[in-house]
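K.L.:
So the chains spell out like this:
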Amino acid sequence: MIKSEEYDVLVIGGGISGAEASINLANQGFKVLIVEKDLSVGGKMIHLSKVFPTLDCSACITTPKISQTARHPNITIYTYSQVNDIEKKSEHNFQAIVTRYPRYVKEEDCTGCQICEEKCPVVVNDQYQYDLVGRKAVYVPFSIANPRVAAIDIENCSFCGACEKACPSEAIDFSQEKIDIQINVKSVVIATGFRLFDPLLIPRYGFGKYKNVITAMQMERQLVPTRPFNHVLRPKDGKMPDKIAYVLCAGSRDETIGNPICSQVCCMYSVKQAQLLMGALPLADITIYYLNIRSFGKGFNEFYQQAKDMGVNFIKGKIGKITETDNGNLLLRYEDIIEGVVKEAKHDLVVLSVGILANQGISSMFKDTLELDPFNYIKQSDELANPAKTTIRGVYVAGTASGPMDIPDSILSAGAASAEIAGYLRLRR
Amino acid sequence: MGKTIDIIKQKRKVSESVKQNIKDFNAMKKKILATMEIEHKSIPQIAEELQLPLDVVTYHLMTLQKFGFIEVSELDDMDEYYFYNLKK
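Residue numbers (my numbering), protein chains in the order written: chain A, 1 to 429; chain B, 1001 to 1088.
In case anyone wonders, no lab produced these hints; they're calculated from the structure.
Cβ atoms here follow ideal geometry from the backbone N, Cα and C, with glycine treated the same way.
There may be inaccurate statements among the hints.
[Unchecked claim] These stretches of chain B come out as covered by chain A in the derived footprint (C-beta under 8 Å, 3 or more residues): (1) 1003 to 1013; (2) 1017 to 1025; (3) 1037 to 1044; (4) 1063 to 1069; (5) 1077 to 1086.
[Unchecked claim] Result set (DSBU-like, lysine-lysine): computed pairs, CA atoms no more than 35 Å apart in a straight line: (6) Lys37(A) to Lys1011(B); (7) Lys1019(B) to Lys209(A); (8) Lys308(A) to Lys298(A); (9) Lys165(A) to Lys1019(B); (10) Lys1003(B) to Lys178(A); (11) Lys318(A) to Lys343(A); (12) Lys1087(B) to Lys209(A); (13) Lys119(A) to Lys1009(B); (14) Lys1013(B) to Lys1029(B); (15) Lys1003(B) to Lys37(A); (16) Lys119(A) to Lys1087(B); (17) Lys119(A) to Lys1029(B).
Turn these sequences into a full structure, and let the hints steer you where they fit.
P.N.:
Laid out in structure tokens, this is it:
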């Protein structure tokens, strides 16, 4: 028989928006369930180096909030789980099925000691380091993961049993199976975040073909203390780069790849990375190729000016093609928009400032019709007065699930969502 | 509690790609570590010695560093490449 649980609010997604909305609601006495599809909560923000424009440590902001979420008596978190079949039975009465996938590790027993990792013979790409290095088939996702508990990648497991033999707390459990739980809640928050544009869809940029063409998220990982390499290095040959190019609007503002809108964050995260790189590689030349610099937020324009003052080179140019030349260096053919001529420039590392896209499959979680906007983000039914409202009464949206936005705006959006939900739930009390 | 590995073994078989992957990584690990037995080496030096693509050596060397087999030594005279040696 299927197990049944009751909460006031179901929060789908355990990133920064989901955590913010959950804490706000839990502090008001509401019982919250967070369902996160990944092995850890923290979303994308927990993997970033610094935030713009303050250059505060991203993990230092995320981890206390995530930790507060995990320890809150009114919050339950299910990681590595998915929500399906959300059905509105009546007002303040939603039913859903949450599927908890097996980690093959008992969460309550694992101490995160990583002895199992040492014993595991299998090495596959580490998705949390964006494939720049390998990881074991049994692994703690990343050092500041929450919960800091191992999981077994069963598709890549060799079933040698070494992890089970080595585990000092007998936490490995290959008998685990997926469990479906019926959830009854009064309201739902969609905080499912975004996905990054896949630059393989623009073959002329050479991503995947040329190893020294990387994404901004791969550069982000190179800039954090838990970096995949010992320094900022080229993935092709481990050389310290000294002429780095950023290509802005890679997968944004481009009708040809189906994403005509601005991703809102790429200009500023590129400017941020350029500043951080000037600290990590003081002798490096950094050039940012842009269409327009959109420095619209508080302190953004000053941040952009600061990068210019530090020596970052800005070229208003559209990249036509990237080709590899000698020693893994890259030749960028671009249109200089100011001069109106086609030029070429050599760089030894190219970073694609990839855009953000709507996550897919959110509306199919609902049995009722959850409307999307033309860009597949969750449609806000009353964007100005009640920005968290969706087309289903009682279902709210927080953060980038409703459209591209930066971290402060995501947190504000989550605050708005929690306030609207609290109002909705109090109608019943 | 008995070993649960036998339970999963009855349900699933190890894929050929996983078996091959283990063989490939172990072979690469042995080769790369062997190049550094006498003195520290840079990635291009290892790639040349083993006649392997640079990116393949970089990936495996960085993975071995992550797993604690290798440590960073010093930068070369041109400030371009790091040398790596076996972890003592």
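K.L.:
Tell me, which hint numbers fail for this structure?
P.N.:
none
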